[in-house]
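S.K.: Sequence:
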Amino acid sequence: MTGVFSQTPLFAGLVSFIVAIIIGPTAIKYLHRLKFGQNVRTDGPQAHLKKKGTPTMGGVIILASISVAILVFLRIPGHLLAALLATLAFGFIGLIDDFLMIVKRRSLGLKAREKLLAQIIISVIVGFYAISQEDIGTALLLPFSDYVIEIPVVIYILLVIGVMLGSANAVNFTDGVDGLAAGTMAIASGVYAIIASRLDNPAMALFAGAVAGACLGFTWFNAHPAAVFMGDTGSLGLGAALGVMGLFTKTPLFIPIIGGLFVIETLSVIIQVLYFRITKGKRVFKMAPLHHHFELSGWEEPKVMIRFWLISLLFGVIGLLAVL
Numbered sequence: 054m055t056g057v058f059s060q061t062p063l064f065a066g067l068v069s070f071i072v073a074i075i076i077g078p079t080a081i082k083y084l085h086r087l088k089f090g091q092n093v094r095t096d097g098p099q100a101h102l103k104k105k106g107t108p109t110m111g112g113v114i115i116l117a118s119i120s121v122a123i124l125v126f127l128r129i130p131g132h133l134l135a136a137l138l139a140t141l142a143f144g145f146i147g148l149i150d151d152f153l154m155i156v157k158r159r160s161l162g163l164k165a166r167e168k169l170l171a172q173i174i175i176s177v178i179v180g181f182y183a184i185s186q187e188d189i190g191t192a193l194l195l196p197f198s199d200y201v202i203e204i205p206v207v208i209y210i211l212l213v214i215g216v217m218l219g220s221a222n223a224v225n226f227t228d229g230v231d232g233l234a235a236g237t238m239a240i241a242s243g244v245y246a247i248i249a250s251r252l253d254n255p256a257m258a259l260f261a262g263a264v265a266g267a268c269l270g271f272t273w274f275n276a277h278p279a280a281v282f283m284g285d286t287g288s289l290g291l292g293a294a295l296g297v298m299g300l301f302t303k304t305p306l307f308i309p310i311i312g313g314l315f316v317i318e319t320l321s322v323i324i325q326v327l328y329f330r331i332t333k334g335k336r337v338f339k340m341a342p343l344h345h346h347f348e349l350s351g352w353e354e355p356k357v358m359i360r361f362w363l364i365s366l367l368f369g370v371i372g373l374l375a376v377l
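Following the numbering used here, the numbering of the sequence shown begins with 54 at its first residue and continues without gaps.
Just so you know, the hints here were simulated from the structure itself, not pulled from any lab data. These numbers were taken from a predicted model, which means no experiment stands behind them. Be aware that one or more of the hints could be misleading.
With a straight-line Cα cutoff of 25 Å, these simulated SDA-like cross-link-like pairs (lysine to any residue) come out [to be verified]: (1) K157 with G106; (2) K105 with I149; (3) K164 with G90; (4) K105 with A80; (5) K164 with F329; (6) K105 with G351; (7) K356 with V322; (8) K157 with R86; (9) K356 with G313; (10) K105 with S350; (11) K356 with W273; (12) K356 with H346; (13) K82 with V121; (14) K164 with I149.
Pair ranges (Cβ atoms, derived) [stated by the list, open to error]: (15) A276 with Y83: 39 to 49 Å; (16) Q186 with I324: 29 to 39 Å; (17) P355 with K105: 33 to 43 Å; (18) I174 with E353: 33 to 43 Å; (19) L377 with K339: 36 to 46 Å; (20) I331 with I129: 43 to 53 Å.
Heads up, the beta-carbon is just placed ideally off N, CA and C, and yes, glycines get one too.
Modelling step: build the complete structure from the supplied sequences, incorporating the hints.
M.R.: Below is the structure:
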């Protein structure tokens, strides 16, 4: 592979997209055979009841596609391997969680403290890796300015933990409507590919491109009516990918802007839980996360998906303005 195009995020995205399209049908068939079917909440939108039995753990399609694309570009200087390993590590946590819920019939999968501890350990490793790299360190770019600040190591490690856990679980909250999480993540990753290129960080531009392509390829199978769900395998892995994109480009403070929809979904859950506890049973939304509120208000899944994609695209444009 020679030429300028073969070194671009667009090519990385094309590789991961094609891989996802090729392996998707076989993976879905295999998940069906293993009976890795999705459990569906009976208190949610009634339209979701027909999803019962749809194979989950489809995040393996996304992670495999990203991995193939990254392996093609490993000779590119930068932090491609570190970004991939962090993504796979979080994805593996999700894989175990999915396995315990579906195969072992453990209702909540991994215990909350087990999942939290594993995520923190991986995040700390990511943080110390970043600190050890001369081109990353503890520097942070500030949105809508040319300022770069250096923060103390302890604060930086805490920031990394917050970014990684926040991103992973925010994407997880968003994964509740066909095509929503994958499409939104494709937009955010596409934006990060542009930002990384603008910041002269070709490795992270390629990584972001690969993630975007894998998400688009997965959306081919996950669009309504979904033939497969990503599960925690995909959502936690993708959230970690978003986190490392921000950390390895020194732009973690941009993530709440670029991933604004993920923030909104997460806030809707926090608001719902706090209000429910304070008022002893009352709710702000018909159901949280927010996409379920609109479903229960009469929006069909494709309408929720497309409108939320448009909102995500708007946040992406704002994110670009914050750095360009």
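S.K.: So, for every hint listed, does it hold in this structure?
M.R.: Right, here's what the structure says about each hint:
no. : hint                       : in the structure
1   : K157 with G106             : holds (15 Å)
2   : K105 with I149             : holds (20 Å)
3   : K164 with G90              : holds (21 Å)
4   : K105 with A80              : holds (18 Å)
5   : K164 with F329             : holds (23 Å)
6   : K105 with G351             : holds (21 Å)
7   : K356 with V322             : holds (21 Å)
8   : K157 with R86              : holds (16 Å)
9   : K356 with G313             : holds (19 Å)
10  : K105 with S350             : holds (22 Å)
11  : K356 with W273             : holds (17 Å)
12  : K356 with H346             : holds (13 Å)
13  : K82 with V121              : holds (21 Å)
14  : K164 with I149             : holds (11 Å)
15  : A276 with Y83: 39 to 49 Å  : violated (20 Å)
16  : Q186 with I324: 29 to 39 Å : holds (38 Å)
17  : P355 with K105: 33 to 43 Å : violated (20 Å)
18  : I174 with E353: 33 to 43 Å : holds (41 Å)
19  : L377 with K339: 36 to 46 Å : holds (39 Å)
20  : I331 with I129: 43 to 53 Å : holds (51 Å)
Hints 15, 17 from the earlier list are contradicted by this structure; the remaining hints agree with it.
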